[in-house]
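So the sequence lines, in the order shown, correspond to chains A and B.
Residue numbers are given in the working numbering: position 61 of the first sequence equals residue 61, and the series is strictly consecutive.
Residue numbers are given in the working numbering: position 296 of the second sequence equals residue 1296, and the series is strictly consecutive.
Hints listed in this document are in silico derivations from the structure and should not be mistaken for laboratory results.
There may be inaccurate statements among the hints.
[Said to hold, decoys possible] Straight-line distance between alpha carbons at most 30 Å, and here's what the computed DSS-like set of lysine-lysine pairs gives:
#, chain 1, residue 1, chain 2, residue 2
1, A, K263, B, K1150
2, A, K14, B, K1069
3, A, K143, B, K1048
4, A, K263, B, K1145
5, A, K143, B, K1069
6, B, K1150, A, K40
7, B, K1125, A, K108
8, B, K1270, A, K342
9, A, K63, B, K1347
10, A, K263, B, K1346
11, A, K287, B, K1275
12, B, K1230, A, K287
13, A, K144, B, K1270
14, A, K143, A, K226
15, B, K1275, A, K63
16, A, K28, B, K1150
17, A, K265, B, K1094
18, A, K14, B, K1125
19, B, K1346, A, K119
20, A, K108, B, K1045
21, B, K1021, A, K119
22, A, K226, B, K1094
23, B, K1021, A, K144
24, A, K245, B, K1048
25, A, K322, B, K1346
26, B, K1230, A, K28
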Amino acid sequence: MPDDKEITIYDIAKYLNISATTVSRGLKDHPAINKNTRKKIAEAARHLGYRSNTFASSLRSRKTHTIGVIVPRLNSYFMSSVLAGMENAASQENYNLIISQSLESAVKEIANAHTMFNKRVDGLLASLAYDTENIDHFDPFFKKGIPVIFFDRIYPHNDSTCIVIDNYKAAYDITKHLLDQGCRKIMHLGGNLLRNVYSDRLKGYKKALKDYNLPFDEKKLVYISKLTEEAGTKAAEHILKMPGKPDGIFSANDTAAVYCMMKLKEAGIRIPDDIAFAGFNNDPISKIIEPNLTTVNYSGYDIGETAVNILINHLNGIANVKTTNMIILRSDIIIRASSLKK
Amino acid sequence: MQPIATMKPKKEATIYDIAQKLALSSATVSRALRDNPAINKHTRKKIKETARELGYRHNTFASNLRKQKTNIIGVIVHELNSNFITSVLAGIEKVTAEAGYDLIIAHSSESYKREAANAMNLFHKRVDGVIASLAFNTSGLDHFKPLEEKGIPVIFFDRVEEQSETTKVIIDNFQCGYQATQHLIEQGCKRIVLVTANLQRNVYAERHRGYLEALHENSIAYDKDLVLIKDLSEQCGIEAAMEILKMKPLPDGAFITNDFSAAVCMQTLKENGIKIPGDIALVGFNNDAISKIVEPQLTTIHYPGMDMGEIAARNVINHLKGVVNIRQTQTIVIRSELIIRRSSLKKSNHF
């Protein structure tokens, strides 16, 4: 199957017996060209199978109108909301998204960053993998002046803007809520402390305990894992073996909270009476588990949309990502039955 | 060392700059960057380090202009906010990344108009291939014709035009609809509600056909008032429950073609004093994580999104490599199965 020769504006010009300049202008909807002629040109272009020469024009303008996106995983409820927000904002400005996932591995994230650099994306949006230790792999972007925006799982850098929620405050507030419900021995299910989202949530939790003058033994009360379904189940098994059980649990995500709850319920633990529960993310599962899970709600869609808007404003010269250090989006606590002891 | 950012973009580093810096020929640099074994390993390493230091980027565009290839696969989806779709995307990404292709993702928000605009956009982007799932109200595939005429492979998944000649990856929705309904009938259900979406879309039409076939085989009369056409959202689960509660006599079974809607519907029914499965047995669709979290756990159809994405992507890439010609393949049917859990078991107590 030999590919047909690519149709050019000269072919359209010849076909319609007009000049190539007129065709070029007509395709760009230039008002100097008569409306009927423009329509005729568009029809001929369609008929002949003409495609605009994005590459040649990219070579000239040095712009690709693509935005690279690196995420830890595509298949999570939070990330799909982020992508929907990004896609919506990008398509309004005629940008395309090139998407890749690190599968939570720093090694793959480094390879992805390298590919995006070679693809000459106009800008990059990244949320870091579970075990990424530094951001040297984004240096080529900073050196070239290609804007990089970190969202959710961030890494502050002078040339970049970060988009987050106030994880510290949200964790503080939700822990305080458990304390107000009478919990005095609150356990925390946390994630890798390399990642801001998890270290800030741990800090907020600790501060709330401190403000209540409660004794705190990190080794006994903090359970660090990958916060997966299995990790939630394992945490429950661990809790069932604990000599003095906690009376409240604050988990850094809903998945681990829900699977921990299910296992504890199976073992006859009553929620919230024996152990009150709070999660983080407001995933759909939080509304389905019984009792419904108290959690922190924040909009992935808004994060995605904001990230793209900031990036495009930078590219259009309206704003500069170097002068904005961090953008904090709204989050709020949703109190449901899982934490209401009173 | 780096100059303060200026308004003018910096000059792009070329292989000539690398060659000059290392006092090598540009041919050597070019070969080394492509990992040609003819170049000494140490030299290759030195060249790559210098390339990195100077901020060199392959000239993808120039080389694309020569090769007429972009190494980009375009993906058109009808939405991004579902477990199923993101599993498909994860599957596609896994395969395309391994094969060195990039993904451009566009979503139609269930609008035919946006879907057509996305198809043209990908056409102009000169993607090497397209993987697509159709919007609720798309009929006809003329908007994919320009791609086809250029010889760009297009593969459809899940939401497809069943009667078309195009290559598609689907599950047997008819069989799924039939199995779910037959299972409810075997559990003693006689008035079975079907909650589904726009019957113009193959997936919902086929599940509906399966439902009808099972009723027919069991000599149960079809009652169109028992079929609720909705959008399968969270809100739709609540609405469906409210409508079911008003039906007289009360239905004894419901097949809801989305797990999240089914779970929300179940909760609303329970809040209104309905016992599941005692009063109404329920079956969902997708086998989302949620189906194992609701109480009682939800009987559902296992629908492997990740496999579907991987298979669609592998076919496009194999076609591009010339290993297979997808134009010879019309339909790839992926295995799906009914998973029986407590929400539908009116009869037995073996759980």
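Original post:
Does the structure keep A/K263 and B/K1145 at a Cα separation of 30 Å or less?
Top reply: 53 Å, violated
Original post:
Does B/K1150 lie within 30 Å of A/K28 when you go C-alpha to C-alpha?
Top reply: Given pair A/K28, B/K1150 holds - Cα atoms ~22 Å apart, limit 30 Å.
Original post:
A/K144 and B/K1270: Cα distance at most 30 Å?
Top reply: Not OK: A/K144 and B/K1270 at ~59 Å, beyond 30 Å, violated.
Original post:
Taking 30 Å as the top limit, are the C-alpha atoms of A/K226 and B/K1094 close enough?
Top reply: Holds - the C-alpha atoms of B/K1094 and A/K226 are around 21 Å apart, at most 30 Å.
**OP:** Would you mind confirming whether the straight-line C-alpha gap from B/K1150 to A/K40 stays at or under 30 Å?
**Re:** 21 Å, holds
Subject >> Agreement of B/K1021 and A/K119 with the hint, judged by alpha carbon distance not exceeding 30 Å >> reply: Roughly 24 Å separates the two Cα atoms, so the pair holds.
Original post:
Is the hinted pair A/K322 and B/K1346 satisfied, with a Cα-Cα distance of at most 30 Å?
Top reply: 63 Å, violated
Subject >> Hinted pair A/K14 and B/K1069, Cα distance within 30 Å >> reply: 27 Å, holds
**OP:** Sort out whether A/K144 lies within 30 Å of B/K1021, counting only the CA atoms.
**Re:** 19 Å, holds
Original post:
Hey, A/K287 versus B/K1275, does the alpha-carbon distance stay inside 30 Å?
Top reply: Holds - the C-alpha atoms of B/K1275 and A/K287 are around 19 Å apart, at most 30 Å.
Original post:
Within 30 Å, alpha carbon to alpha carbon, are A/K245 and B/K1048?
Top reply: 56 Å, violated
Subject >> Hinted pair A/K14 and B/K1125, Cα distance within 30 Å >> reply: Status holds; Cα separation ~25 Å.
Against the hints set out earlier in the document, violations occur for numbers 1, 4, 9, 13, 14, 15, 17, 19, 24, 25, 26.
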